[in-house]
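Undergrad: Okay, so the sequence shown: first residue is 1 according to our numbering, each after it adds one.
Please note that the accuracy of each hint is not assured.
Calculated lysine-lysine pairs in the BS3-like style (CA-CA distance at most 25 Å, straight line) [claimed, not checked]: (1) 58 with 33; (2) 33 with 48; (3) 54 with 30; (4) 87 with 76; (5) 87 with 75; (6) 58 with 48; (7) 17 with 30; (8) 89 with 76.
Everything labelled a hint here was simulated from the structure, so no lab data went into it. Note that the structure is a prediction, hence the values are computed from the model and not measured.
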Amino acid sequence: MAFPLVWRTAYNNLQRKLDEACADAEKFRKRTKEMQDEIDTLLAENRKLLNRAKDAEKESEDNEDDRDDARRLVKKLREENEQLTRKLKEYREACESYEIEIKELKK
């Protein structure tokens, strides 16, 4: 009769270990689910950041285009200013020469 008691004790020990293993497995499943949720959240945040980075890159390219356009405009305006400055100098010289001629004609 000692055999059934030993067998029952061994069975109970195995059952307890099985219950513990099942509880551990459930904990691992729960933790795995939590980690998967965290991964999904991080992936979603990563996608948002990538989209923001792409938007920023596009905006930067647009800004570069705007900057290039502004540089071309500034260059054109400088050239026009130089031309106008030269013409103004020519006109002043012409005016001075006319004033001299007018003074001579008045004499």
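Undergrad: Now tell me, hint by hint, if it's right for this structure.
TA: Here is how each hint holds up against the structure:
1. 58 with 33: This hinted pair is violated, its Cα atoms lying about 37 Å apart.
2. 33 with 48: 23 Å, holds
3. 54 with 30: Roughly 36 Å between the alpha carbons, so the hint for residue 54 and residue 30 is violated.
4. 87 with 76: 17 Å, holds
5. 87 with 75: Holds, because 18 Å separates the two Cα atoms, which is no more than 25 Å.
6. 58 with 48: The hint holds at about 15 Å.
7. 17 with 30: 20 Å, holds
8. 89 with 76: Given that 25 Å is the threshold and the Cα spacing comes to 20 Å, the pair holds.
Violated hints, in rising order: 1, 3; the structure is consistent with all others.
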